[in-house]
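Number of protein chains: 2
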Amino acid sequence: MIHETTASMAEWRVKLRSRLGDDIVLSESADMLPYCRDWHGDVTSNAVAVLRPRSTEQVAQAVKLCSELGLSIVPQGGNTGLVLGAVPDADANQVVLSLERMNRIRQIDADDFSAVVEAGCILSELKDAIAEKGMFFPLALGAQGTCRIGGNVSTNAGGINVLRYGMTRELIFGLEVVLPDGSIFDGLSTLRKDNRGIDLKQLFIGAEGTLGIITAVSVKLTPYPDQVATALLGLASLDDAIKLFRRARRDCCDLMSAFEFMPPLAFTLAKEAMPDLPIPIAADYPAYVLMEISGSGLVDIDDLMGRFLEAVMEEGIVLDGTLAASQTQARNLWLIREGMNEGQAKRGMHLRTDVSVKLSQLADFVAEAERAVAEAVPGSTCVSYGHVGDGNVHLNVLPAAEAEPEQRLEQIYVAKGAINAVLDRYQGSISAEHGIGRLKRGDFEARLSPVRRHLLTALKQAIDPGMVMNPGCQLNFPANS
Amino acid sequence: MIHETTASMAEWRVKLRSRLGDDIVLSESADMLPYCRDWHGDVTSNAVAVLRPRSTEQVAQAVKLCSELGLSIVPQGGNTGLVLGAVPDADANQVVLSLERMNRIRQIDADDFSAVVEAGCILSELKDAIAEKGMFFPLALGAQGTCRIGGNVSTNAGGINVLRYGMTRELIFGLEVVLPDGSIFDGLSTLRKDNRGIDLKQLFIGAEGTLGIITAVSVKLTPYPDQVATALLGLASLDDAIKLFRRARRDCCDLMSAFEFMPPLAFTLAKEAMPDLPIPIAADYPAYVLMEISGSGLVDIDDLMGRFLEAVMEEGIVLDGTLAASQTQARNLWLIREGMNEGQAKRGMHLRTDVSVKLSQLADFVAEAERAVAEAVPGSTCVSYGHVGDGNVHLNVLPAAEAEPEQRLEQIYVAKGAINAVLDRYQGSISAEHGIGRLKRGDFEARLSPVRRHLLTALKQAIDPGMVMNPGCQLNFPANS
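Just so you know, the sequences run in chain order A and B. Last residue of the first sequence? That's 481 in full-length UniProt numbering, and every number before it is there in order. Last residue of the second sequence? That's 481 in full-length UniProt numbering, and every number before it is there in order.
By construction, these hints were calculated from the structure, which means they are not laboratory data. All figures in this text were calculated on a predicted structure; none of them were measured in a lab. Be aware that a few hints might be false.
Claimed, not checked - Distance windows between CB atoms, simulated:
hint: 1; chain 1: A; residue 1: GLY306; chain 2: B; residue 2: GLU170; range: 28 to 34 Å
hint: 2; chain 1: A; residue 1: SER124; chain 2: B; residue 2: PRO280; range: 48 to 54 Å
hint: 3; chain 1: A; residue 1: GLY316; chain 2: B; residue 2: GLU310; range: 36 to 42 Å
hint: 4; chain 1: A; residue 1: GLU68; chain 2: B; residue 2: ASP364; range: 45 to 51 Å
Backbone N, C-alpha and C define an ideal beta-carbon position, used for all residues, glycine too.
One chain only, chain A, in its complex shape (with noise of 0.2 Å):
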C-alpha cells in the first residue's frame, strides 16, 4: 500500500529532521539496512527513517509527531525478534523507531529485589550488573547479548528458564510506556504487589509495539543461584524424556532452572558448526536431555542432582549421563545446545517452528507431526528439540539436501501446513514463545476465533484508534490515513 509518493517521502525525512533534530533521524538507505533487515536475514525492507530517541520524552515526541505526519512506527529492540515483528513491511509510511540509546541501567536495589533499566539495555549487560549485586535476572535465550529488555518484554519472551522462572511477563514489576496519542503511562513501581484492579501493564506485555512503545521496566531479582548442577542424559525415547522431567519437577522440587530435550542429530549439527566442540557422552541414543539445577545458600546443589541422577539410572529412565565438574564442562554442555542452532542456520534455509501443546500429549504430538512431515516432504530432516518441560519444542524441518532454493521454499511451506495440520488436533499453540510479529500473522489469524478476533479489534481501536503502533503485526488492520 503506497500512501504518498517519493517526494513527500522527502519532506517527510525534511520533517523528522527538523523537528527531532539530525541526531535522532537515520533516512540514508545504507544506515537504515541494519534496521530494517531481520535477524536471520530472510527479509530486507526500507523505512522513510529510523528514528533513535535517548529519552522517554523523546520517544513521546517522536510518537505525536509521526502521528501528525500520517506516518507508522514499528518499534525494534535489539532485532532478534524471530517473526519479523521488529522491521517494517513494504508499507511506505512506516519508520522504525529503535530503543537502542535508552540503554541505561536506572537502579538496581539488591535489598528489594528489584532493578529498573531503560528498555534499550541489552539483555546480557543486564543480567552482568545484576550478577555484580549478587543477584540474579532469570531470562536467559540465545540471542541474550544482542537482544534488549524493552523487546523482550514486548514479545513476552521465553527461553531456557521458563520451567521455573516463567516467561517474562512473571519476571516485571512494571513498566513505562510511551501510548500511541504520546501519552506516558508511567507504571514503574517496584512493589512486588500491587492489586489496584485491571493490570493495564499486561496489555503492553506479548502485544510486539502494536499498542504503545516501552520505554523502560522495572524486574524482580531472585537471591543468584552461585551452585549449578549440570547435566547430558542419554535416553530411550521422548516419552522416556517427559517421564524423567515429571520425575525430576517431583524429586527435584522448586530448584531445577533447566530441561532441554535433543535428539542425536544435535550432536552431528553442533560438530558441523563447531568442529572442536567435546561431545562427552555416546552419540546412539534416541534422545538427550540438557538438565540444570540450581541454588544459593544452605541448599546442596550437587548432592541433589547426584541423588537424583542415581536414582533415575538405577530405575532405567537415564541410560547413560555426563555431569559437567566444571563451569567450562557445564558451558561446553550448552554449547551443544546452541551449536544444534547454528549448525541448522549452516544447512541453509529451513523451517522454525516454536509449538507447544499439552505436556502430557508432546511425545505423541511429535511423533505424528514427524510422519506427517516425512509423507508430505521426503527426503527432509525433522529436528525436534528444545523445552519440553513446558511442552515446547522448535520442530524444526531441513528440506534436502539437494534442493534448489524454489524448492526449499515450497518444502518449507508444505512441511509447515503438515505440522500445523497435527498441531491443530492437539490444540496446539503455534507460538509458545516467539510471538505472532509479521510472519505468523496469516496462521495466526487463521486459527482466531471471532470473539478474540473481536476484543482484539477492540482493544486496538480503544488504546491506538488511528492506527499508529506496528501495523501488520499480529492482526491485519486498516493502516492510519
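Using the hints provided, position chain B relative to the given structure of chain A.
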C-alpha cells in the same frame, strides 16, 4: 440512582423467571439476603434478583437478558471479598449473578500438571481434589473453605504463599469468560506456554467482574510438597524480620513458602478468639515471624530449616524460636495467625488495610504510619502484620475500646487518612491483594493518573460499552441507560 418504579421491579422479576426459569431466579428478600450482605456484615443491600445459573450457556443467556432489560450484573463467587466488589450497591437495577452452582471440577491431569474447574468450585475443595492426585494448587488464604476459584481469579487473590508461587494471576493457564454481550471467550487451554500475541485472559484477572464473568478456569499444578517445616521465631524488630527474610530468600532458595510477620499483640488477640490455643514461645519479643519451608522429593526440608535456624540464631538475628514437631503443632502455629484475625473482629469495628511498599522501605513505612495513627487517633491500637516478604502489611487499627460506634467510624476514617498520607509519600499501594471493589474506589480514583484513567475508560468502553458489568466497582463509570 433509581431508574424504575417498584412496578417495573416486579415486571423485571417476572421476565427473569419466565425467560430463565424459576430454578435460576431468587427474588424473595430473605432468599437474597446472603448474596446482598458482605463477608464482614458491614453492608446489607438489595437486588432485583439473584441468578444462579448451572452452566456457561445459562450465564450467557442471563447476561443477554439482563442487557436487554437494562439490568446491570454483579457477579459473585463465594462472597468472601473484603472490598465490596461482589455485593450490589444501592442502585435499583442490579442483579447478583452467583456462580455457586457451577462448581464442577472438569478435569485434573497430574501428568500435565493442570486442572480445569468451574468458577464456583470452593477453593479448598479444589485443593483437596488436587491433593488426592499427589498434586498441589498453591493458592492459600483464610477464606479458602468458602471462597470460590472464579472470585479468586477475578480479584487476583494473594494469600500466604505468594512469595513462592505468585498471585493467582501466575497460577492460571486459561479462562472461560462470558463477555458483556453474552458471547463466550473460550480460553480454557492448559498449554503452559502460549505466546500468541496479546494475552486476553490477563484483562479479566483482577478486573473484579467489570469486564465479564469468569465461568471456568484452568490452573497450574505443582507436585504436592509432602515435606513441610514450620517455625515461629521471636525477633528484636520488624527491621530484623526483613533482614531475616532476605537471608532466608537466599539460604532457602525457592523452597521458602511462607514468611508472615506478627506483633506480640497477635498472641493476645489469638487468645481472645481461641482461649485454649497453645502459645509455644515467650510473648515478649518485639516481633515474630511465622516461617514455612516446603518441598517434595529428594530435598530434605527439615535439615534445611534446622541448618538455617542454627545459623540465624547463632548470628543473633533470631532471638528465640520454636519448630513444629508435628502437623498438629504446625497447624497450631497457623491458628495463632488466624486467631489474630478473629481476635480483631471480636474487638469490634476496626480499620483493615492491605498496603504495600518497597520491601527495602517497609520497616520505615510501618514505623512512620503507626506514629501518624497514634497522633491522629490517640488511644487507638495498631496491629501491623502480614506478608512482609512481599512488602505487604495489613496495618490495621483498633479504635479505643471505650469508643461508641459513631466515634469508631470517625476514628477509622481518620486513621485511614493518616496511613494513606504516609503511604503516598512512599509511593505505596492502597491494595496489595484485596482489590478495589466499591470500598476502595474513592481512594483508588483519587490516586489515578489521567493516563491510567483514560486507558481504563477506553478498555471499559471497548469491552462493556453498555456498562452492564458490575457498575460502581473499581471506577464510577456512567450506568447503562
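Give me the numbers of the hints this structure contradicts, sorted from smallest to largest.
-> none
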